[in-house]
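Chains as they are written, first to last, in this note's numbering: chain A, 1 to 335; chain B, 1 to 335; chain C, 1 to 221; chain D, 1 to 221.
These are calculated hints, taken from the structure and not from any lab test. Note that this is a predicted model, so its numbers are computed, not measured. Careful, some of the hints might be misleading.
To be verified - Chain B regions said to be covered by chain A (calculated; three or more residues, Cβ under 8 angstroms):
hint: 1; region: 138-152
hint: 2; region: 217-225
Said to hold, decoys possible - Below 27 angstroms or equal to it, Euclidean Cα-Cα: the simulated DSSO-like pairs (lysine-lysine) are:
hint: 3; chain 1: A; residue 1: 204; chain 2: B; residue 2: 35
hint: 4; chain 1: D; residue 1: 78; chain 2: B; residue 2: 35
hint: 5; chain 1: C; residue 1: 128; chain 2: C; residue 2: 78
hint: 6; chain 1: A; residue 1: 2; chain 2: B; residue 2: 35
hint: 7; chain 1: C; residue 1: 101; chain 2: C; residue 2: 128
hint: 8; chain 1: C; residue 1: 78; chain 2: C; residue 2: 101
hint: 9; chain 1: D; residue 1: 60; chain 2: D; residue 2: 78
hint: 10; chain 1: D; residue 1: 60; chain 2: D; residue 2: 128
hint: 11; chain 1: D; residue 1: 78; chain 2: D; residue 2: 101
hint: 12; chain 1: D; residue 1: 101; chain 2: D; residue 2: 60
hint: 13; chain 1: C; residue 1: 60; chain 2: A; residue 2: 35
hint: 14; chain 1: A; residue 1: 2; chain 2: B; residue 2: 204
hint: 15; chain 1: B; residue 1: 48; chain 2: B; residue 2: 35
hint: 16; chain 1: B; residue 1: 204; chain 2: A; residue 2: 204
hint: 17; chain 1: D; residue 1: 60; chain 2: B; residue 2: 35
hint: 18; chain 1: B; residue 1: 48; chain 2: B; residue 2: 204
hint: 19; chain 1: C; residue 1: 78; chain 2: C; residue 2: 60
hint: 20; chain 1: C; residue 1: 78; chain 2: A; residue 2: 35
hint: 21; chain 1: C; residue 1: 101; chain 2: C; residue 2: 60
hint: 22; chain 1: D; residue 1: 128; chain 2: D; residue 2: 101
hint: 23; chain 1: A; residue 1: 204; chain 2: A; residue 2: 2
Just so it is clear, CB atoms sit at the ideal spot from N, CA and C, and this is done for glycine as well.
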Amino acid sequence: MKKLINDPQAVVAESVEGFVAAHADLVVSSGDEEKLFVSRAGGAMSGKVGLVSGGGSGHEPLHAGFVGLGMLDAAVPGAVFTSPTPDPIVAATVAADGGAGVLHIVKNYTGDVLNFETAAELAELEDVTVTSVIVDDDVAVQDSLYTAGRRGVAGTVLVEKIAGAAAERGDDLETVAAIATRVNENVRSMGVALTACTVPHAGKPSFDLAEDEIEIGIGIHGEPGRERIPAASADEITERLLTAVADDLQVASGDRLVLLVNGMGGTPASELYIVYRQARALLEQRGASVERSLVGNYVTSLEMQGASVTVLRLDDELLSLYDAPVHTAALRWGA
Amino acid sequence: MKKLINDPQAVVAESVEGFVAAHADLVVSSGDEEKLFVSRAGGAMSGKVGLVSGGGSGHEPLHAGFVGLGMLDAAVPGAVFTSPTPDPIVAATVAADGGAGVLHIVKNYTGDVLNFETAAELAELEDVTVTSVIVDDDVAVQDSLYTAGRRGVAGTVLVEKIAGAAAERGDDLETVAAIATRVNENVRSMGVALTACTVPHAGKPSFDLAEDEIEIGIGIHGEPGRERIPAASADEITERLLTAVADDLQVASGDRLVLLVNGMGGTPASELYIVYRQARALLEQRGASVERSLVGNYVTSLEMQGASVTVLRLDDELLSLYDAPVHTAALRWGA
Amino acid sequence: MEGGASTPGSLGVAWARAWVEASADVMRQNRMALIDLDRAIGDGDHGENMDRGFTAVLAKLQSTETETIGDVLALVAKTLMSTVGGAAGPLYGTAYLRASKAAGSTLDAAGVADVLEAALGGIVARGKAEREDKTMVDAWGPASEAAREIAEAGGSGVEALQAAAQAAQAGAAATEPLTARKGRASYLGARSVGHRDPGAQSTALLLEAAAGAAGDGGGDE
Amino acid sequence: MEGGASTPGSLGVAWARAWVEASADVMRQNRMALIDLDRAIGDGDHGENMDRGFTAVLAKLQSTETETIGDVLALVAKTLMSTVGGAAGPLYGTAYLRASKAAGSTLDAAGVADVLEAALGGIVARGKAEREDKTMVDAWGPASEAAREIAEAGGSGVEALQAAAQAAQAGAAATEPLTARKGRASYLGARSVGHRDPGAQSTALLLEAAAGAAGDGGGDE
Ligand SMILES: Nc1ncnc2c1ncn2[C@@H]1O[C@H](COP(=O)(O)OP(=O)(O)O)[C@@H](O)[C@H]1O
Ligand SMILES: Nc1ncnc2c1ncn2[C@@H]1O[C@H](COP(=O)(O)OP(=O)(O)O)[C@@H](O)[C@H]1O
Ligand SMILES: [Mg+2]
Ligand SMILES: [Mg+2]
Ligand SMILES: [Mg+2]
Ligand SMILES: [Mg+2]
């Protein structure tokens, strides 16, 4: 394992330190290693619903890279691939509350759900009203009694963006939560890994893939996917991902979409655009129109090579919220 | 070699196709495979100096990701790691000319220099006035009779950003060229690789590194560096890079700086911020102040893991040009 | 021996403290083994999480006076909850919290069974897993049953712990052929078969430490 | 035999066309070997670049009538210039362009020497490399000298080509111990020692193809 790190145990703290130093115009850190979170410079905005998300680290820019105007108010980074404990979530929730309550945006993993659940209860004790929305956009996992349910993956960025815009325009907690839920209901994702990633404290790759194998349906924690198949062309792989996503979402002729091609951290931008090209063509073949696009590293798994394809179905309101100004370290337009 | 590609020979064409589809609000492609270039949607702006850059592909987002308001007018992508031939450069130059002449921003490699040189001569035959600025910011290479001179690496982004702002505000060709030269004179970079990258048509890594070795002083073409050393901590590596850069630039107390920590393509963002943290601390120890920061993938080498550190010394004009609006696929603020 | 009254032959606060020390030890030693189990069907952090948690628990314990087993287990609960994270943090946190409430000042076999049942109840309340879902429930379940059997047969607290530890170990081993239906391993579907559940394994290790702490004279005789 | 008049025993346009065909062949066959040389001290594209270039040249040639050696070499020059890119594109492009201008309708030994010297002159004009800078100049230089010697000794054009090919091959081999001072390999400093320059090697292969095309009856006898 070769990484640009110092102590594996200090990765999160040092990286957050660098992050807030580089983006001091946007964010501040709680500074408290026991209750580490990143929040908007300037603090909670009175009367605005606060948005808090978080989860294991290693998915950067998610979540801290999305703290700022029109998106999150605070992000709670756990250890690498490990949900944060309730304490920092509570602290972030209190810090993000401007009196209008706080929305927790939680990716659907047992750890995230349990820790945010406890944090929400504890925050209520401190007189903060908390509502939670669970994101579960990963169609690689069947949502059934036999699984922990679909995972939250790259679609989370779109939930955060659009709910953030709703909060920014002054919607109340119930409305913001309803919009976040609507985004979640209309977004689907699926990913592929060409290589595994190595968690710093583990020191070994999260799984072993032969030179001619790829993992289809991976999550974002370096966990193996549902299926291991022989390496294939970008177009074939993309068709596989896009078909699963679009079928599940029942993409139909006339649908207006956001297409997000997300890099897993170690994928050259040129390859993401090759995937984008094919994904877009397949959506257009279905008669849908790609209204907005994001191509890049948004929800990563350390240095994993691979990509995920996310499709969101838009309505007029979601589109206008998507287009609303956002100014964060990793996403910026209109501001 | 596992990559999200189809035909190795089609990587550049397909990737550019995806890129212009994803960013149709910003860019168009020439569409001509023999003379492939990407230029600003809307075409040349009458009376504005045109900025054209280019070089081998594999460094994305450089250069096409920097085409747009306040930066480049056209970018010419060669084959992977291979300078483009004169023909597409000429075509891009003609397309970028709004009557005020065109600045070629050329990274200092024999191939880039020779091909742009020929293209400039040919463009003059088509009545376009061309001035060229050579970027050579890489302190890993000694600029002497015994080398091809310093390479152009990540500092190129800052040259393109600042010269682009000068052109956008209406400066004439001579002035824009002088500003580009001033940026080049005040910018230095140095990089490290933890892993090599694999050029699609070669199918093999560009060099072999043992599990406990890193390459210091790499360029951006997967070429080996000047020195192979045992793996070290991020802080040690950063100190090595930063010291070389800051010594060469003679960073002094009171200097105002831009600090760019650039990922080579396969490096997690968290690691770049760890490098940033240390680089910034070392600059501050010298009494300099980091006024602006960029941390991310700007000038890459495919999926290489590693980073480079770039420092630019600012004056009032360069700072205000740096802050001027820019709207490209990979860099956006103020617009 | 400090704090808490104890009757010879029983498990009191000294045993509880010795258990925590042994737990920290065993989590440190098995850190990489648990990481490897979790790499196979999860995300490779379970050993790191448990080691981080028990290192923190040990530090807390050394600077804290405790009167009762309940005090010790409550300290473990709170510290795990605020240092482990992931799925295991809240699950073990709740387990130890419920256990702390169930623990009398000394434990006989029935007391051991009560404590283990309470722990199991906490885990199920939070995680909603059933037996054979391939989770730590598959270790806590058999363990509490085994302790109850010893109690019903008139055995000692130490014997109850030993039986629980053995049953947990067997339960952990028995997760190998199962298809996971809860937690991260459930994403793998049939591919989770053939691997041991890391949380069941850490449970077995912790209960082995509990029995060991009793056997090593941590028991207050 | 088509186009351009030729005297028996001399090298005319048919030879030039045969040379191009052999060049395309040899570049295809040595694509990976040249890539590997370039991977060691450059960026691993030289074989790809040359193969792409000569594939294009061959296609162009097959659809183009040529009257003279100069026509053939000019076509090579223009096509390499617009398809190879990198450093090699402009350098080889200029070499063939100058060569095309220097070539008479048939080449005797002096003619071969003139053509090679012109090519060398073009490369040096563009690239500014000196001998022993570890570039293609280290193959073209000895080659043109060897051809001139044959001419001065009264040898034939074919003999001049054969001597040139041998000298280029020796020159390419002789780049191995050198420290690069031009091109990408110069960034490596002393680490470039022990590796053969890819451009010198491709030059040697091209001149070997030239001699081969003459020997294979490509020569117009
Ligand atoms: N719903 C659940 N009920 C009981 N135990 C669970 C549940 N989900 C996960 N676990 C246990 O947690 C263990 C994983 O813990 P850990 O790796 O620390 O957390 P994470 O899965 O968040 O990375 C699993 O091996 C399993 O025993
Ligand atoms: N200044 C120069 N003069 C002569 N030959 C040169 C010079 N620079 C590079 N070369 C030749 O070009 C070859 C490299 O070509 P190629 O790999 O195709 O281009 P690039 O270096 O741009 O990747 C080198 O092996 C060398 O022989
Ligand atoms: Mg985890
Ligand atoms: Mg090249
Ligand atoms: Mg885990
Ligand atoms: Mg090369």
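Here is how each hint holds up against the structure:
1. Counting residues of the region 138-152 of chain B whose CB falls under 8 angstroms from any CB of chain A gives 0; the rule of at least 3 is not met.
2. Counting residues of the region 217-225 of chain B whose beta-carbon sits less than 8 angstroms from any beta-carbon of chain A gives 0, not enough to reach three: the coverage restraint is violated.
3. Restraint check for residue 204 of chain A and residue 35 of chain B: not satisfied, since their Cα atoms lie roughly 45 angstroms apart, outside the 27 angstroms limit.
4. Taken as a hint, the residue 78 of chain D and residue 35 of chain B pair is honoured in the structure, with Cα atoms around 15 angstroms apart against an allowance of 27 angstroms.
5. The suggested pairing of residue 128 of chain C with residue 78 of chain C holds, with an alpha-carbon distance near 21 angstroms, which does not exceed 27 angstroms.
6. Annotation: proposed proximity of residue 2 of chain A to residue 35 of chain B is violated, straight-line Cα distance about 40 angstroms (limit 27 angstroms).
7. For a cut-off of 27 angstroms, the pair hint linking residue 101 of chain C to residue 128 of chain C stands: about 21 angstroms separates their Cα positions.
8. For the hint linking residue 78 of chain C to residue 101 of chain C, the alpha-carbon distance of about 13 angstroms falls within 27 angstroms, and the restraint holds.
9. Using a Cα cut-off of 27 angstroms, the hinted pair residue 60 of chain D and residue 78 of chain D holds, with the two alpha carbons roughly 10 angstroms apart.
10. Taken as a hint, the residue 60 of chain D and residue 128 of chain D pair is broken in the structure, with Cα atoms around 30 angstroms apart against an allowance of 27 angstroms.
11. Using a Cα cut-off of 27 angstroms, the hinted pair residue 78 of chain D and residue 101 of chain D holds, with the two alpha carbons roughly 13 angstroms apart.
12. A hinted pair counts as satisfied when its Cα atoms are at most 27 angstroms apart, and residue 101 of chain D with residue 60 of chain D qualifies at roughly 19 angstroms.
13. This hinted pair checks out: residue 60 of chain C and residue 35 of chain A have alpha carbons roughly 17 angstroms apart, not beyond 27 angstroms.
14. A distance of roughly 20 angstroms separates the Cα atoms of residue 2 of chain A and residue 204 of chain B; the hinted pair therefore holds under the 27 angstroms criterion.
15. For the hint linking residue 48 of chain B to residue 35 of chain B, the alpha-carbon distance of about 23 angstroms falls within 27 angstroms, and the restraint holds.
16. Straight-line distance between C-alpha atoms of residue 204 of chain B and residue 204 of chain A comes to about 23 angstroms, which keeps the hinted pair within the 27 angstroms bound.
17. Distance restraint check for residue 60 of chain D and residue 35 of chain B: the Cα-Cα separation of roughly 17 angstroms lies within the 27 angstroms cut-off, and the hinted pair is therefore satisfied.
18. Using a Cα cut-off of 27 angstroms, the hinted pair residue 48 of chain B and residue 204 of chain B is violated, with the two alpha carbons roughly 44 angstroms apart.
19. A distance of roughly 10 angstroms separates the Cα atoms of residue 78 of chain C and residue 60 of chain C; the hinted pair therefore holds under the 27 angstroms criterion.
20. The straight-line distance between the Cα atoms of residue 78 of chain C and residue 35 of chain A is roughly 15 angstroms, inside the 27 angstroms bound, and the hint therefore holds.
21. At most 27 angstroms may separate the alpha-carbon atoms for a hinted pair to count; residue 101 of chain C and residue 60 of chain C meet this at roughly 19 angstroms.
22. Restraint check for residue 128 of chain D and residue 101 of chain D: the C-alpha separation of about 21 angstroms stays at or below 27 angstroms, so the hint holds.
23. The suggested pairing of residue 204 of chain A with residue 2 of chain A holds, with an alpha-carbon distance near 10 angstroms, which does not exceed 27 angstroms.
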